[in-house]
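Protein chains: 2
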Amino acid sequence: MADSTFDVAGIGNAIVDVLAHSDDAQLAALGLSKGVMTLIDAAQADAIYAKMAPGIECSGGSVANSIAGIAGLGGKAAYVGKVKDDQLGQVFRHDLRAQGVHFDTKAAIDGASTARCLVLVTPDAQRTMQTYLGACIELGPDDIDPSVIAASQVTYLEGYLWDPPQAKAAFRKAAKIAHDAGRKVALSLSDPFCVERHRAEFLELLADHVDIVFANESEISSLYQTDFDSAVRQVRGHCDIAAITRSELGSVVISGDAVVVQGAEPVSAVIDTTGAGDLYAAGFLYGLTQGRDLGTCARLGGLCAAEIIGHVGARPEANLAELVAKTSF
Amino acid sequence: MADSTFDVAGIGNAIVDVLAHSDDAQLAALGLSKGVMTLIDAAQADAIYAKMAPGIECSGGSVANSIAGIAGLGGKAAYVGKVKDDQLGQVFRHDLRAQGVHFDTKAAIDGASTARCLVLVTPDAQRTMQTYLGACIELGPDDIDPSVIAASQVTYLEGYLWDPPQAKAAFRKAAKIAHDAGRKVALSLSDPFCVERHRAEFLELLADHVDIVFANESEISSLYQTDFDSAVRQVRGHCDIAAITRSELGSVVISGDAVVVQGAEPVSAVIDTTGAGDLYAAGFLYGLTQGRDLGTCARLGGLCAAEIIGHVGARPEANLAELVAKTSF
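In order, the protein sequence lines correspond to chains A and B. Under the numbering used here, the first residue of the first sequence is numbered 1, with each subsequent residue one higher. Under the numbering used here, the first residue of the second sequence is numbered 1, with each subsequent residue one higher.
So that you can see chain A by itself, here it is in the shape it has in the complex (with noise of 0.2 Å):
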């Protein structure tokens, strides 16, 4: 790839946190389903957030996590999406450009407040989220700066961004800058009832925009419709990589007439899984942007999930980039 600034870009809901224990009958009660992502309003999050047990905030949105991730790791890394000029938004913003991420995208003066995700997480390490998008509907393509983009190896985006209204005008305008110089554009699936909501829009995307693709096995398989087996080899003939998780299973990577296999990360205890996806990305795309091959960037992915599982939240505690050191790669 030619001489770049950053070796991944990332645009995506800027949400913070606010995860509290939970269990079934809580979940059954507030009607919930376990470990999907729902959008609501702003009366919804009241509502639920009064019923939630005491709780912690950290900064959290999908492609988010995986920038914070990549940063962490050692990569260099931006980060598009929007806050409001309060509180939370402050430390979303706080919480990235500590970990050495480019972020310099406006806050909102008014409107809606910075996005939270209501995360109940259950006994069982399940997460059950619950997204009110706030700031995130301000996202759009004025918000993209095409030097960023240009500059950075792989445009990374979540498929999170088609709930919000703009933001998939910023999305595709983020995309055709990446591929005029010659770049890479990732895609997260994020949630198979984000497919649902999404699909005819997300198999175009596959089909002409998206270079990496990452899923797990719901949401590839409800992208296509299909079983895991017959959505592999239907995603082979869309994107270059794809690149899909199998929780316990490890992860599968489809490039060309290439698949890697790798196992999962031995983990001691699983307690929250919250952002294991947007972690494993994370590893993915370093390893990628570092010239690693295909295995490599699995293993790597798995390990930075294995870190994530293992405490509460969605960014990272431990020092990714020692981590790895202690690995043999």
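Certain hints may be false.
Any copy, or any two copies together, can satisfy a pair, since identical chains are not distinguished.
Claimed, not checked - Restricting the straight-line Cα-Cα distance to at most 25 Å, the calculated cross-link-like pairs of lysine-lysine (BS3-like) are: (1) Lys-51 with Lys-106; (2) Lys-51 with Lys-76; (3) Lys-326 with Lys-76; (4) Lys-176 with Lys-106; (5) Lys-176 with Lys-76.
Please keep in mind that the hints were generated in silico from the structure rather than gathered at the bench.
Keeping the supplied structure of chain A fixed, place chain B upon it in accordance with the hints.
Same frame as chain A, but now just chain B:
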């Protein structure tokens, strides 16, 4: 004691903690003294925060932590403290109410933001705290609801209340209401430098207004400006009960002629000592208001302290009531 609506009413600085990993080199670069609490203004808070690693936000405040612990143990608890009506203030209020705590102090509508404590956690699990008091400076005697204090077996106050200007008047008002109603007044000495700042008044409080005092070795030694053994002899004549924590040595409780020495609970890994003293007081006061003997109170304190130092943050993650039920008392 007479019938009571609440076991313990707490009055303290209502603070949201911002916790981040740090190291000795950063403490030195920032000119911070390890292990103590320093008061900072808004500009200092911004400057230190800008240099801190990515963090998590978690409700804190010394007595608020204790009150959350008492409620988590199954006790009936109330809290008085001043937040602003902003996002972090809403987080603070939510986290106490979600724990079942009665908390009705009016939020400040304008003026300074909700108080923040920047907590730098070093690899030795020590915490170094920089507190911006923010809206806490608005707490005054009008915030004391006599009906709540008179209906609480114990009113528990923190030495830190001597830092904001009007809070000491609230403190004295509450102590008088409590004693007039035949209730007990408990005080935490909070921090050795807090004792330095307010020694003369603290000595007067202990002699005339406080029935139960919580301190660690350096606080009680600082109060009497002498060694630990001499300090223990002096406090005996000043309070009905003095509960002195000694880190890994456990605690010593002095009451009249009785001295109870309690070893520390075993802890598999000490992660973050933030809140250890607060949770000791929670367990102790819970035991006391349930009519348990001093040895049991000390053990309950040690059990709760052991829970809090096993993870990041000063609010319990485990179900304390279940933890106690599993332990033989």
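Taking the hints in turn, this is what the structure says about them:
1. In the homo-oligomer, the alpha carbons of Lys-51 and Lys-106 lie at most 25 Å apart only across protomers (21 Å), although the nearest pairing inside one protomer, at 33 Å, exceeds that limit.
2. With identical chains, the CA atoms of Lys-51 and Lys-76 are at most 25 Å apart between copies only, with a shortest distance of 19 Å across copies and 40 Å within one.
3. Proximity of Lys-326 and Lys-76 under a CA criterion of 25 Å is satisfied intra-copy only: 21 Å inside one chain copy versus 49 Å between copies.
4. Taking the closest pair of Cα atoms, Lys-176 and Lys-106 come within 25 Å of each other only inside a single copy of the chain (22 Å); across copies the shortest separation is 52 Å, beyond that limit.
5. Proximity of Lys-176 and Lys-76 under a CA criterion of 25 Å is satisfied intra-copy only: 21 Å inside one chain copy versus 60 Å between copies.
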